[in-house]
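There are 2 protein chains.
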Amino acid sequence: MTRKQLTEQIQIKKSYLTVGLDTDITKIPKHLQSHPDAIFEFNKAIIDATKDLCVSYKINTAFYEALGVKGWQAMEKTVNYIPTEHFRIADAKRGDIGNTSSQYAKAFFETLNFDAITVAPYMGEDSIRPFLEYENKWTIVLGLTSNAGSKDFEQLRLVSEDTNQGKVVCEDTNYGGEFLYEQVLKKVSNWGNKDNLMFVVGATKASDLEKIRKIIPDNFLLVPGVGFQGGSLKDVSKYGMNKDCGLLVNASRAIIFASEKEDFAAEARVIAQQYQNEMAEYLK
Amino acid sequence: MTRKQLTEQIQIKKSYLTVGLDTDITKIPKHLQSHPDAIFEFNKAIIDATKDLCVSYKINTAFYEALGVKGWQAMEKTVNYIPTEHFRIADAKRGDIGNTSSQYAKAFFETLNFDAITVAPYMGEDSIRPFLEYENKWTIVLGLTSNAGSKDFEQLRLVSEDTNQGKVVCEDTNYGGEFLYEQVLKKVSNWGNKDNLMFVVGATKASDLEKIRKIIPDNFLLVPGVGFQGGSLKDVSKYGMNKDCGLLVNASRAIIFASEKEDFAAEARVIAQQYQNEMAEYLK
Numbered sequence: 001m002t003r004k005q006l007t008e009q010i011q012i013k014k015s016y017l018t019v020g021l022d023t024d025i026t027k028i029p030k031h032l033q034s035h036p037d038a039i040f041e042f043n044k045a046i047i048d049a050t051k052d053l054c055v056s057y058k059i060n061t062a063f064y065e066a067l068g069v070k071g072w073q074a075m076e077k078t079v080n081y082i083p084t085e086h087f088r089i090a091d092a093k094r095g096d097i098g099n100t101s102s103q104y105a106k107a108f109f110e111t112l113n114f115d116a117i118t119v120a121p122y123m124g125e126d127s128i129r130p131f132l133e134y135e136n137k138w139t140i141v142l143g144l145t146s147n148a149g150s151k152d153f154e155q156l157r158l159v160s161e162d163t164n165q166g167k168v169v170c171e172d173t174n175y176g177g178e179f180l181y182e183q184v185l186k187k188v189s190n191w192g193n194k195d196n197l198m199f200v201v202g203a204t205k206a207s208d209l210e211k212i213r214k215i216i217p218d219n220f221l222l223v224p225g226v227g228f229q230g231g232s233l234k235d236v237s238k239y240g241m242n243k244d245c246g247l248l249v250n251a252s253r254a255i256i257f258a259s260e261k262e263d264f265a266a267e268a269r270v271i272a273q274q275y276q277n278e279m280a281e282y283l284k
Numbered sequence: 001m002t003r004k005q006l007t008e009q010i011q012i013k014k015s016y017l018t019v020g021l022d023t024d025i026t027k028i029p030k031h032l033q034s035h036p037d038a039i040f041e042f043n044k045a046i047i048d049a050t051k052d053l054c055v056s057y058k059i060n061t062a063f064y065e066a067l068g069v070k071g072w073q074a075m076e077k078t079v080n081y082i083p084t085e086h087f088r089i090a091d092a093k094r095g096d097i098g099n100t101s102s103q104y105a106k107a108f109f110e111t112l113n114f115d116a117i118t119v120a121p122y123m124g125e126d127s128i129r130p131f132l133e134y135e136n137k138w139t140i141v142l143g144l145t146s147n148a149g150s151k152d153f154e155q156l157r158l159v160s161e162d163t164n165q166g167k168v169v170c171e172d173t174n175y176g177g178e179f180l181y182e183q184v185l186k187k188v189s190n191w192g193n194k195d196n197l198m199f200v201v202g203a204t205k206a207s208d209l210e211k212i213r214k215i216i217p218d219n220f221l222l223v224p225g226v227g228f229q230g231g232s233l234k235d236v237s238k239y240g241m242n243k244d245c246g247l248l249v250n251a252s253r254a255i256i257f258a259s260e261k262e263d264f265a266a267e268a269r270v271i272a273q274q275y276q277n278e279m280a281e282y283l284k
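Going down the list, the sequences are from chains U and W. No gaps in the numbering here: position 84 of the first sequence is 84 in this note's numbering, and each next residue is one more. No gaps in the numbering here: position 279 of the second sequence is 279 in this note's numbering, and each next residue is one more.
Hints listed in this document are in silico derivations from the structure and should not be mistaken for laboratory results. Careful: at least some of the hints might be erroneous.
Which copy? The list can't say, so a pair holds if one copy fits it or any two copies do.
In the DSSO-like style, the derived pairs of lysine-lysine whose C-alpha atoms are separated by at most 27 Å in a straight line are [to be verified]:
{"hint": "1", "residue 1": "261", "residue 2": "27"}
{"hint": "2", "residue 1": "30", "residue 2": "106"}
{"hint": "3", "residue 1": "187", "residue 2": "243"}
{"hint": "4", "residue 1": "44", "residue 2": "106"}
{"hint": "5", "residue 1": "151", "residue 2": "186"}
{"hint": "6", "residue 1": "243", "residue 2": "106"}
{"hint": "7", "residue 1": "238", "residue 2": "106"}
{"hint": "8", "residue 1": "151", "residue 2": "106"}
{"hint": "9", "residue 1": "214", "residue 2": "70"}
{"hint": "10", "residue 1": "137", "residue 2": "44"}
{"hint": "11", "residue 1": "261", "residue 2": "106"}
{"hint": "12", "residue 1": "106", "residue 2": "70"}
{"hint": "13", "residue 1": "106", "residue 2": "27"}
{"hint": "14", "residue 1": "30", "residue 2": "186"}
{"hint": "15", "residue 1": "77", "residue 2": "211"}
{"hint": "16", "residue 1": "151", "residue 2": "211"}
{"hint": "17", "residue 1": "187", "residue 2": "261"}
{"hint": "18", "residue 1": "27", "residue 2": "284"}
{"hint": "19", "residue 1": "70", "residue 2": "44"}
{"hint": "20", "residue 1": "151", "residue 2": "214"}
{"hint": "21", "residue 1": "151", "residue 2": "187"}
{"hint": "22", "residue 1": "27", "residue 2": "243"}
{"hint": "23", "residue 1": "211", "residue 2": "238"}
{"hint": "24", "residue 1": "194", "residue 2": "234"}
Just chain U, with the same shape it has in the complex:
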């Protein structure tokens, strides 16, 4: 999917909602749990009930892998069932040396027909490049995540290094004093462009979005953490939106597990509609 196609969908639907299919077999309604194809049946009902309200679906690969081969089959069926006007994200957090990242890219962009995959930046450029080589496919790199652990490494401060002298220099110039995640955003944004690269930025850090937008004004941001994790859609939209909208806001559990009963799909729609209504306001 191209950036133009994505932004058109956002305008048509007045929505930048991503529905996260974190389909936990133990949390789906009881009447479905014994179904031989429970995960897919659940996803199908959620997709049917929400597809006009969202522009994207995000499949969290962990919940499928936990079920082994059967889970992988459910993932394949689900991605094929998602309408092609929707942006299909594999939330897989992959990343390895070049020849291995190439295989992950093949897995999610060719074997499974996803439009995008989330990638962890720790191993650097050659772990990310193979994903960027695919035309009209998207790499979504972790920037600042929404979990407590983001403090452990993402928010450590860096010093600039005078490599000629082999001496550590600490000045508030260049990127001295900058957080690791800011350096990730800066460096990685040079490896791709606004047409093939997005970043994960957690909604629980909405106050940081203003700063983040100075570093990457044009890239789309995938924003998890609205809903169960407590982030505010209003703040995210206020500080994160750019002229092309530039946001995909994900809600998973808040939508798909809105009800534990047979009415789960209708209740999922109610919550998705609330998000979409609010988003339509912010898009004005």
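With chain U fixed as given, assemble chain W onto it according to the hints.
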């Protein structure tokens, strides 16, 4: 597998070799490529030919996922075929928010019966903890990797931060001037212990191993990059070994693709034997 069982195997076999099953369907011998179960047949032959020379097998999940459901089936069959006295590693580089990492742990420790999984540290403590909760299972966290991209983030220098003053302080005390990967080793080693936590340290950085061993004297290290990536087994063993050996040295392509012909398993054994002979010397 417990640490005691692993170190016993190392002593019995006089080997700390891990054979990496990076089984690329396009690189296996022609006569096998058309086999309906090509990946598993190839792995089976490699395992049969090398199992007395190595203490561990490492399955690189990317090569299996690239084949979709069929690849996941081959992975399942392979891990079940590996003898239980071998340490079975899922080289999966996973890691996500807590509830998602729990699902990955379930996928690789319960659904698939691996002993260990590689995990990326970027998202911090709650992304790693769920893996550490399994008894007699191992979490292998990325420290310093063997690829060129390790310079991009792993080898950036950190400053200590005076949070009371909100002021960045740069002194060569505490962890001022330390590399990110050193801080990863320090912090993560406190979340687990030498009985459930290992680190990935690339062989191409053997000169750094001395420094690394001061930070984590007791943890096992999984060392890729010997062989095709150019690392030296001698240097790794010299600087990385501790009193329990403390090393698992991985070779993938150098062993499994030693020959493109029908003799591939016999040739894989020849190379594995060379590694084992050398390791027996270093273990004396």
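Verification of the supplied hints:
1. For the homomeric pair residue 261 and residue 27, the shortest alpha-carbon distance inside one copy (10 Å) is at most 27 Å, but the shortest distance between copies (50 Å) is not.
2. For the identical chains of this complex, residue 30 and residue 106 are inter-copy neighbours only, at 21 Å across copies versus 36 Å inside a copy, given an alpha-carbon limit of 27 Å.
3. Only within a single protomer do residue 187 and residue 243 lie at most 27 Å apart by alpha-carbon distance; the minimum there is 23 Å, versus 41 Å between protomers.
4. Within a single copy, residue 44 and residue 106 get their C-alpha atoms as close as 25 Å, and across copies as close as 24 Å, so both meet the 27 Å cut-off.
5. In this assembly of identical chains, residue 151 and residue 186 lie within 27 Å of each other by CA distance both inside one copy and across copies; the values are 19 Å within and 15 Å between.
6. Neither within a single protomer nor between protomers do residue 243 and residue 106 lie at most 27 Å apart by alpha-carbon distance, with minima of 32 Å and 42 Å respectively.
7. For the identical chains of this complex, residue 238 and residue 106 are neighbours neither inside a copy (36 Å) nor across copies (38 Å), given an alpha-carbon limit of 27 Å.
8. For the identical chains of this complex, residue 151 and residue 106 are inter-copy neighbours only, at 25 Å across copies versus 32 Å inside a copy, given an alpha-carbon limit of 27 Å.
9. Taking the closest pair of Cα atoms, residue 214 and residue 70 never come within 27 Å of each other, the shortest separation being 44 Å inside a single copy and 45 Å across copies.
10. For a Cα distance limit of 27 Å, the shortest separation of residue 137 from residue 44 inside one copy, 24 Å, qualifies, whereas the shortest one across copies, 35 Å, does not.
11. Only between protomers do residue 261 and residue 106 lie at most 27 Å apart by alpha-carbon distance; the minimum there is 26 Å, versus 38 Å within a single protomer.
12. Taking the closest pair of Cα atoms, residue 106 and residue 70 come within 27 Å of each other both inside a single copy (20 Å) and across two copies (14 Å).
13. In this assembly of identical chains, residue 106 and residue 27 lie within 27 Å of each other by CA distance solely across copies; the values are 16 Å between and 31 Å within a copy.
14. Proximity of residue 30 and residue 186 under a CA criterion of 27 Å is satisfied in neither setting, with 47 Å inside one chain copy and 45 Å between copies.
15. For the identical chains of this complex, residue 77 and residue 211 are neighbours neither inside a copy (40 Å) nor across copies (49 Å), given an alpha-carbon limit of 27 Å.
16. Taking the shortest alpha-carbon separations for residue 151 and residue 211, both the intra-copy value of 17 Å and the inter-copy value of 25 Å come in at or below 27 Å.
17. Taking the shortest Cα distances, residue 187 and residue 261 never come within 27 Å of each other, neither inside one copy (47 Å) nor across copies (43 Å).
18. For the identical chains of this complex, residue 27 and residue 284 are neighbours neither inside a copy (36 Å) nor across copies (54 Å), given an alpha-carbon limit of 27 Å.
19. Taking the closest pair of Cα atoms, residue 70 and residue 44 come within 27 Å of each other both inside a single copy (16 Å) and across two copies (23 Å).
20. Within a single copy, residue 151 and residue 214 get their C-alpha atoms as close as 21 Å, and across copies as close as 25 Å, so both meet the 27 Å cut-off.
21. Proximity of residue 151 and residue 187 under a CA criterion of 27 Å is satisfied in both settings, with 20 Å inside one chain copy and 12 Å between copies.
22. Proximity of residue 27 to residue 243 under the C-alpha cut-off of 27 Å is found in neither arrangement, the shortest distances being 38 Å within a copy and 47 Å between copies.
23. In this assembly of identical chains, the alpha carbons of residue 211 and residue 238 lie at most 27 Å apart only when taken from the same copy (13 Å versus 46 Å across copies).
24. For the homomeric pair residue 194 and residue 234, the shortest alpha-carbon distance inside one copy (24 Å) is at most 27 Å, but the shortest distance between copies (46 Å) is not.
In the structure shown, a violation is registered for the earlier hints numbered 6, 7, 9, 14, 15, 17, 18, 22, in ascending order.
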